[in-house]
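K.L.:
Using the sequences provided together with the hints, build the complete structure.
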Amino acid sequence: MPSALGKRKAPPAEEDVVDAQEALRRHFEARFKMPAGIAPCAAPPSKKQARDEDEDGEEDDGDSDSGSDHSDAESWDGVSSEEEEDDDSEEEESHVVEVVDHTKSSSTSITSLMSKKELKAYLSSRPPSHSSAAQSDSNPKKKKADESQAEDSAAFLANDLALQRLIAESHILSAAGGNSSHWQSSAAAGTATNTRAFAAGRTAKKTTDLRFQALGAKDSILAQSKMPMSMRKGIVSHNTAKEAKRRREAKENGIILEREVKKSKPSRSKKPSGGRGEREVGAPGVGRMRGATLRISAREAEVLNRPGPARRGGR
Amino acid sequence: MADSKPQFVRLTGHRAFTQRLVLATLSGKPIHISKIRSTSPTNPGLAPHEVSFLRLLEAVTNGSVIDVSYSGTTLAYQPGLITGTVPGAGTSLSNDLIEHTIPANNTRGITYFLLPLALLAPFSKAHMNVRFSGPGVITSSTHSTGDLSIDTFRTAILPLYGLFGIPPARIELRVLSRSCPGPGGRGGGGVVELRFASQVRLPKTLHLNRKPGRIRRIRGVAYCTGVSASHNNRMITSARGVLNQLVSDVHVAAQYDPAPLVQEKGSTMKKKIGIGFGLSLVAESSAEGVIYAADVVAPPEGGVVPEDIGTRCAYQLLEIIAQGGCVSAAAAPTVMTLMAMGSEDVGRVRLGREVLGREETIGLARDLKAFGAASWGIRDADKEEDEATGELIVSVKGTGVGNVGRKVA
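If you read the sequences in order, they're chains A and B.
Each residue of the first sequence is one higher than the one before, counting from 1 in this note's numbering.
Each residue of the second sequence is one higher than the one before, counting from 316 in this note's numbering.
Accuracy of the hints is not assured; some may be wrong.
[Said to hold, decoys possible] If we take Cβ atoms under 10 Å as the criterion, some of the chain B residues that face chain A in the derived model are:
#1 440
#2 469
#3 477
#4 484
#5 488
The hints are simulated quantities; they were obtained by calculation from the structure and are not laboratory data.
Given the structure is predicted, the values throughout are model-derived calculations rather than measurements.
Ideal Cβ positions, reconstructed from N, Cα and C, are used throughout, including at glycine.
P.N.:
Here you go:
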């Protein structure tokens, strides 16, 4: 207590009150342990700052708590509100300057300003016709509670962006340990990669990349395009072997998995084009041309030999 | 059939200048006003805004003769037909507008010109499209002369035309640039366009003699020109502080504009002029057509906090509502004139005592009598069991003149 010598001391009653508050706060925190994520709040400015003001006569930087503490030594009014609206109360004692900040938009701005519809009616060039304004007011109030569609109908779900994103990214999130009820996911949560610092950021990178692809990106930014051929072949073969093993084990154990998506090889260049509209340019009208041989199937021969509609000219 | 010597209606004084000219134009009777500020040593004769209004009248009518004496203290006006915007006669073909410039020494708000113009417009032959520009257009309300702002005009006066069968949906008031009064209360750089496309033969007879009803909601516009936009929020907050205790539905629109630039005379430099802020509040009642409006603006020399403006406007609105009646004092001249120009039928309107007892309203009644209209009948509104309303029912008999251009012979 360095300032107890001479000069002006803070009155003891004030200190008792403040100490009591401190004691209560400590008791509360001891009883209800604060979760790890919450940072401790700033120390109450009462004691130290009051002493500073007494000694140095410093100006208070807009902290109204000290001002109210100082003025109401006996009665505790509670914490004064952050936003001060009265700008002409300058306290005479101890150089407390009340700073009023009008730059940030006050909470009333949302409610006091009008909806877009009303703004259109009131700020446009036409005079507002009051009967129509009254009707538009009452309609949104009569909410359509008897909605024919249930809340989880397909149309709503298809438009629910958050839901669709979750479904699309579920594999990534599960691999990062998001699903605690699945054995694989909870096991993954304990691995070194997922407990490192910034693990959440790494999954965020992957999910963002997925979103970009949904929005129309051509390639994934995380895909490795250049790799030695042997390395790539090794990775691909390892993955196929893993997948084949999974399917085989499941089949042996009677577990039904999702349908296999067969990787299609590039199709044969020369399709049997016996149908309409699939002909290449320059190909003969019937049959298949291979080298110098034209093969006509029996059915096509039948069609050719039929006496069709009278052809113009003899040739 | 012109008389050899037209019988002038003789009036004196500069008061109710535009109102008298409008009545003359609507009724077709020539008017002679003398002793216009004849006792004033500094500014005798017509004021600049009055001269500007005469020019405007000349532009929208056809065949009117205006004679101003040398000193400006006497005026003889022989009205012509109200034509409006006829292509070729004063309007360019491209934008179909009459351009009217207001001089820089003007001290009245633009509603000083708009109110009488809107009275003439339903009776004109063609659409009335006028654009006000120039170094003297003040779109906000004025502190010293008590003119309305254009927001009040648009939201509180123009909808009343709907009661007379003049559809307000065909009236358009475009504010291309806003401006508060310049230094000394004179000048401003606003640009306003009025497009009045609803011409009628005769306004409908108005029967607004029921009780005014309770205030259902309050709307308004807070405008800031050339000052910080946070003033809007502050005005709205302080006005809501007063009004929310009485009406729950209070919504005010905020309008911010940068300060307009006006070309100074004699130089190519432009000057920022017309800086200020103000609030216009409009209260709508449950009865249709009953609108009360209040308008407060910061004085041109400044020194007033937005919170003061907000609370003052809220209290002014409450005072106007307390005056009662179905028509507020600001709209009373418009409504009474339209009733008087209606068909030869008796219309009834309910006015508060303080509204009817104003010099303005009584002056209007006297002027109408001078122009040959019938006198008004005034009686007490029926006393309810609980409250003595103190309101009066005024019966006005229309003259049946209407729109000469639309007369079906």
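K.L.:
Under the constraints set out in the numbered hints, which ones does this structure not fulfil?
P.N.:
Hint 1 alone not satisfied by this model.
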